[in-house]
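**Q** Residue-level listing of the chains:
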Amino acid sequence: MATTVDAPTVATLQTSWETRRGLRGAIRSVDHKTIGIRYLVTSFVFLILGGLEASAMRAQLSQPNLHLLSPEQYNQLFSVHGVTMIFLYAAPVLSGFSNYIWPLMLGSRDMAFPRLNALSYWLFLGAGIFIYSSVLIGQMPNAGWFDYVPYAERAFDPGRNVDFYALGLLLLGVSTTVGSANFIVTLFKTRAPGMSLNRLPIVVWGTLTASFANLFAIPSLSAALIFLYLDRRFGTHFYDASAGGHPLLWQHLFWVFGHPWVYVIVLPAMGIVSDVIPTFTRRPLVGYTFVALATVSTGILGFGVWVHHMFATGLPPLGMSFFSGVSMIITIPSAVGVFAWLATIWYGRPWFTTSFMFMAGFIVLFVIGGVSGVMTAAVPFDLQLTDTYFVVAHIHYVLAGINVFPVIGGLYYWFPKMTGRMLDERLGKWNFWVMFIGVNVAFLPMHLLGLLGMPRRIYTYDAGLGWGTTNLIVTIGAYLFAVGVLLFIINVLVSLRRGVIAGDNPWDAGTLEWSTSSPPPPYNFATIPIVGSRHPLWEDRLPTEGSGSSIIRGGPVLDQGRETFGTSILDAEPTSVMQMPVDSSWPFALAVALTVVCYGLLLPSNALAGIGVVAAAACIIGWLEPMPGSIAARIDTVFGALPVNGQGRHAAAWWGMVCVIATEASFFAYLLASYFYLASMSSNPWPTGGPPALKLVIINTAILLVSSLVLETGRKKGERGQSGALRISIAITALLGISFLLLQALEYSHKTFTPTTDAYGSLFYAITGFHGAHVFVGVIMLVTLFFRGSRAAARGSGSGWLSVANVTMYWHFVDVVWLFVFTSLYLSPYMAR
Amino acid sequence: MIQPTLTGISGSSERDPRDVAGLAGKPSHPAPSRDQVSPFLLWFGLFGAAAAWSVQLIANYAIAAHGCFPRLVPLTEPVFGQATLTLWLVAISIFATVVGALAVVAALVSWRRTSDETGGEAHWLLETGEGRTRFMAAAGMMASSVFLLAIIFHFAVVVLLGHC
Numbered sequence: 022m023a024t025t026v027d028a029p030t031v032a033t034l035q036t037s038w039e040t041r042r043g044l045r046g047a048i049r050s051v052d053h054k055t056i057g058i059r060y061l062v063t064s065f066v067f068l069i070l071g072g073l074e075a076s077a078m079r080a081q082l083s084q085p086n087l088h089l090l091s092p093e094q095y096n097q098l099f100s101v102h103g104v105t106m107i108f109l110y111a112a113p114v115l116s117g118f119s120n121y122i123w124p125l126m127l128g129s130r131d132m133a134f135p136r137l138n139a140l141s142y143w144l145f146l147g148a149g150i151f152i153y154s155s156v157l158i159g160q161m162p163n164a165g166w167f168d169y170v171p172y173a174e175r176a177f178d179p180g181r182n183v184d185f186y187a188l189g190l191l192l193l194g195v196s197t198t199v200g201s202a203n204f205i206v207t208l209f210k211t212r213a214p215g216m217s218l219n220r221l222p223i224v225v226w227g228t229l230t231a232s233f234a235n236l237f238a239i240p241s242l243s244a245a246l247i248f249l250y251l252d253r254r255f256g257t258h259f260y261d262a263s264a265g266g267h268p269l270l271w272q273h274l275f276w277v278f279g280h281p282w283v284y285v286i287v288l289p290a291m292g293i294v295s296d297v298i299p300t301f302t303r304r305p306l307v308g309y310t311f312v313a314l315a316t317v318s319t320g321i322l323g324f325g326v327w328v329h330h331m332f333a334t335g336l337p338p339l340g341m342s343f344f345s346g347v348s349m350i351i352t353i354p355s356a357v358g359v360f361a362w363l364a365t366i367w368y369g370r371p372w373f374t375t376s377f378m379f380m381a382g383f384i385v386l387f388v389i390g391g392v393s394g395v396m397t398a399a400v401p402f403d404l405q406l407t408d409t410y411f412v413v414a415h416i417h418y419v420l421a422g423i424n425v426f427p428v429i430g431g432l433y434y435w436f437p438k439m440t441g442r443m444l445d446e447r448l449g450k451w452n453f454w455v456m457f458i459g460v461n462v463a464f465l466p467m468h469l470l471g472l473l474g475m476p477r478r479i480y481t482y483d484a485g486l487g488w489g490t491t492n493l494i495v496t497i498g499a500y501l502f503a504v505g506v507l508l509f510i511i512n513v514l515v516s517l518r519r520g521v522i523a524g525d526n527p528w529d530a531g532t533l534e535w536s537t538s539s540p541p542p543p544y545n546f547a548t549i550p551i552v553g554s555r556h557p558l559w560e561d562r563l564p565t566e567g568s569g570s571s572i573i574r575g576g577p578v579l580d581q582g583r584e585t586f587g588t589s590i591l592d593a594e595p596t597s598v599m600q601m602p603v604d605s606s607w608p609f610a611l612a613v614a615l616t617v618v619c620y621g622l623l624l625p626s627n628a629l630a631g632i633g634v635v636a637a638a639a640c641i642i643g644w645l646e647p648m649p650g651s652i653a654a655r656i657d658t659v660f661g662a663l664p665v666n667g668q669g670r671h672a673a674a675w676w677g678m679v680c681v682i683a684t685e686a687s688f689f690a691y692l693l694a695s696y697f698y699l700a701s702m703s704s705n706p707w708p709t710g711g712p713p714a715l716k717l718v719i720i721n722t723a724i725l726l727v728s729s730l731v732l733e734t735g736r737k738k739g740e741r742g743q744s745g746a747l748r749i750s751i752a753i754t755a756l757l758g759i760s761f762l763l764l765q766a767l768e769y770s771h772k773t774f775t776p777t778t779d780a781y782g783s784l785f786y787a788i789t790g791f792h793g794a795h796v797f798v799g800v801i802m803l804v805t806l807f808f809r810g811s812r813a814a815a816r817g818s819g820s821g822w823l824s825v826a827n828v829t830m831y832w833h834f835v836d837v838v839w840l841f842v843f844t845s846l847y848l849s850p851y852m853a854r
Numbered sequence: 158m159i160q161p162t163l164t165g166i167s168g169s170s171e172r173d174p175r176d177v178a179g180l181a182g183k184p185s186h187p188a189p190s191r192d193q194v195s196p197f198l199l200w201f202g203l204f205g206a207a208a209a210w211s212v213q214l215i216a217n218y219a220i221a222a223h224g225c226f227p228r229l230v231p232l233t234e235p236v237f238g239q240a241t242l243t244l245w246l247v248a249i250s251i252f253a254t255v256v257g258a259l260a261v262v263a264a265l266v267s268w269r270r271t272s273d274e275t276g277g278e279a280h281w282l283l284e285t286g287e288g289r290t291r292f293m294a295a296a297g298m299m300a301s302s303v304f305l306l307a308i309i310f311h312f313a314v315v316v317l318l319g320h321c
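One line per chain: the protein sequences are A and S, in this order. Start counting the first sequence at 22; every next residue gets the next number (our numbering). Start counting the second sequence at 158; every next residue gets the next number (our numbering).
Watch out, some of these pointers could steer you wrong.
[Stated by the list, open to error] Label-pair distances were calculated between CB atoms; the ranges are: (1) A:ALA638 <-> S:VAL236: 29 to 35 Å; (2) A:LEU469 <-> S:VAL236: 42 to 48 Å; (3) A:LEU763 <-> S:GLY238: 45 to 51 Å; (4) A:GLY335 <-> S:VAL247: 56 to 62 Å; (5) S:THR243 <-> A:LEU87: 52 to 58 Å; (6) A:PHE167 <-> S:ALA248: 34 to 40 Å.
[Unchecked claim] Here are a few chain S residues that sit away from chain A, every Cβ distance over 10 Å (derived from the structure): (7) ALA188; (8) LEU198; (9) HIS223; (10) ALA240; (11) LEU244; (12) VAL247; (13) ALA248; (14) PHE252; (15) THR254; (16) VAL255; (17) VAL262; (18) LEU265; (19) VAL266; (20) ARG269; (21) LEU306; (22) PHE310.
[To be verified] One-sided excerpt, in silico: chain S residues whose CB lies under 7 Å from chain A: (23) PRO187; (24) TRP200; (25) VAL212; (26) LEU214; (27) ALA216; (28) TYR218; (29) PRO227.
The hints are simulated quantities; they were obtained by calculation from the structure and are not laboratory data. For each residue, glycine too, the CB sits at the ideal point set by N, CA and C.
Isolated chain A (complex conformation) (with noise of 0.2 Å):
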């Protein structure tokens, strides 16, 4: 790698990035590259996992009335498989990808949490593990990967299945809100000094649409779970019509997350084949601005499209029709996308490697599936082939196809960057032909299957229904795509060991991840690099494109430690530096406690949960200890004394902030939404006993506005300098809390029902009680600060300043979720009547 800088500053800079070797080393590695071909090394053995499942199921469909499997075996297949490749594969493999390349692409040194980037990694493995070992017992997963109850209900599968399901997904999604919310900070606040907005990679759209989907979407699904543990485990009734609740509100909660879950697991992809098409047409991509725009619109409309999953619940027509429409309007964001693809091909000059033909052969699968996919939005035709083996295909081209295609293609593009050799051009060649040929033979007979009545999820069929030949061809095409993928194994293996030396930009390629060595040093980039075009290193090629020159080398060092520069969200301008954290153990650690407490939840056992949980704050409480590290205030750089990791919307930390706000925001939206749904859906009275008592609730709403004031008050005088003021409403705001909590278990004890009596008790509890959850996570928070972060900030400290900003600003998000829930549950009983 060719740099400006000195021998003994390169040598700081590996001391300060490296991590140790040794299994001590590797668990507490925190760089971002790293994690990123952990990600991708766990996703593809999950894949290999949900490839042979699918084995095993098209060897039992290969022929009528087969019983290679039994029902039960198959129904477990069928469920585990969808669960493997959506959640454990789809999902992750890019989650893979944007750690490894992210902070190459953005010219940053690592991701904005690189703690949280662990710890993200840690939980996925955990629950890949976790619903892996359901196959300990036999009791896989077993209610398919979308779970529909009433049949998931305990009543009608009594087993451990559908816990594991619940249980891992929820561990699954903490896994991935959190790396969620690293992405969108590490987008906003660590791309190198002008890489402004309209600079950025498609990759990067693709993946930041797909994180604050993650962020909007993930807690209805784990509002959902967890209202079908409480119902399977401590007879709640969410779920159950009997007593008031719904088996449709499972589908709105499980869809309102699914649908934009289908974004998650494409826009990224098609990011990919947005970055890599450029480099093999050697163009710019045509209509970048239309891309990323397209990219963002679909990301958003795909919350608008949950219903067309359920056109065949029976929901009135009216409502279906608004769905119906947003379903077919998607397909001009999606569309966009395809015409700039063919027309950089068309404009350019392709350059057809294996990583092109897989990014071309995406092309074809993407249209396949997208048409097939637009035909359900129409709900005449949905209601014909719902449940049919046509939307199994459809889902299969979206997944095969939009997915794995850009994966591998993908992989064959950077394999380079993250080991310094090539992957075998030959052996890629073979690879395509027979997976693109497999997945076709294999998926493109579904719709036929579909089309002539074939249901999904039937372990067989008679013979006289005439389905054995075609069933015969899709078997023998997913065994040659199952091939296809072992080719690739292969060549990956080989070329660890034989591959042609890569060097620093084998292709030519013209975005920043390719200006340093291969595989890159642990700090990334000597220098950081100042970017003026969208494509760094083609810019003496395109001299029209961008505002002037980038600084590839020869830009600053930052080399006291581990640092990188804060910059600004629109245009990237230097507002700190950041001060990233060393290599820990305590990701790992609290990863591993919370899979304990799921273990705890599964069997049950309040012990081990217990011990869970005790393990997880104690971590919690380890990992934040203050990390050595400068105390300066400010630190000189080229673009004059910038303030340590900043503060307000300068910090990472304030945004990790808002993003947590955020989600959590979302989940208490869920959350009420399901309290107004069983209002409108419950054949039970509602609410139970009549409109709720006021005088106790009153009160309490009284304590949690003026808490939020007496705190906001001592946040200013502190700013102010008088910190003695700060800390003395930070103990008063901590006291309101502990006696809004007080208040809260008296009203539970004046209350004539409980959880368990019907629906509408389910909800109550569960909305206050994780109001009231949230009201002793604030007081926590408050004690913490008052022994320790307001000191440091009447010290100057810059993140004791900070730790005041953000609990206040948590406290100021209970009280005004408080003020939902209250408008909610005990107003609006008054307002119906």
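Since the structure of chain A is provided, determine the placement of chain S on it from the hints.
**A** Relative to the frame of chain A, chain S by itself:
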């Protein structure tokens, strides 16, 4: 391996390091016109129509679902009467249409103020995205138009099918 040169552009693929002492030659600001349009106008132009569409979809679906299918039995006549149902659906749709149209206008205004932020015509912007402010303005025009179309589709459903 054969590596074709960039389309229409000649030159070496090896760039010289731009070692600029003191960063005297650092790139100019990516958004020269950032002071010519308010952030609110830019963001409203970008997401205003999307927000209006979200409100229209969620509110109207809730009203239609509760009106036509409360409890466990579907109704042929809305629970609060046909006229009331239609009134609510139409009122919300008009609100969404107005907000969506305002977002389109806001994006247009932003575009007019920033379209000459950097060199090149509109098609150049679409190709390269250069000029952050006008990039956001142009993206706003497109986004607002798509979401306004979604609002109008929804409105058409209300007018054509406005009953249970």
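**Q** Which hint numbers does the structure go against, in order from smallest to largest?
**A** Hints 1, 4, 7, 9, 21, 22, 24, 25, 27 are the ones this structure does not satisfy, whereas the remaining hints hold.
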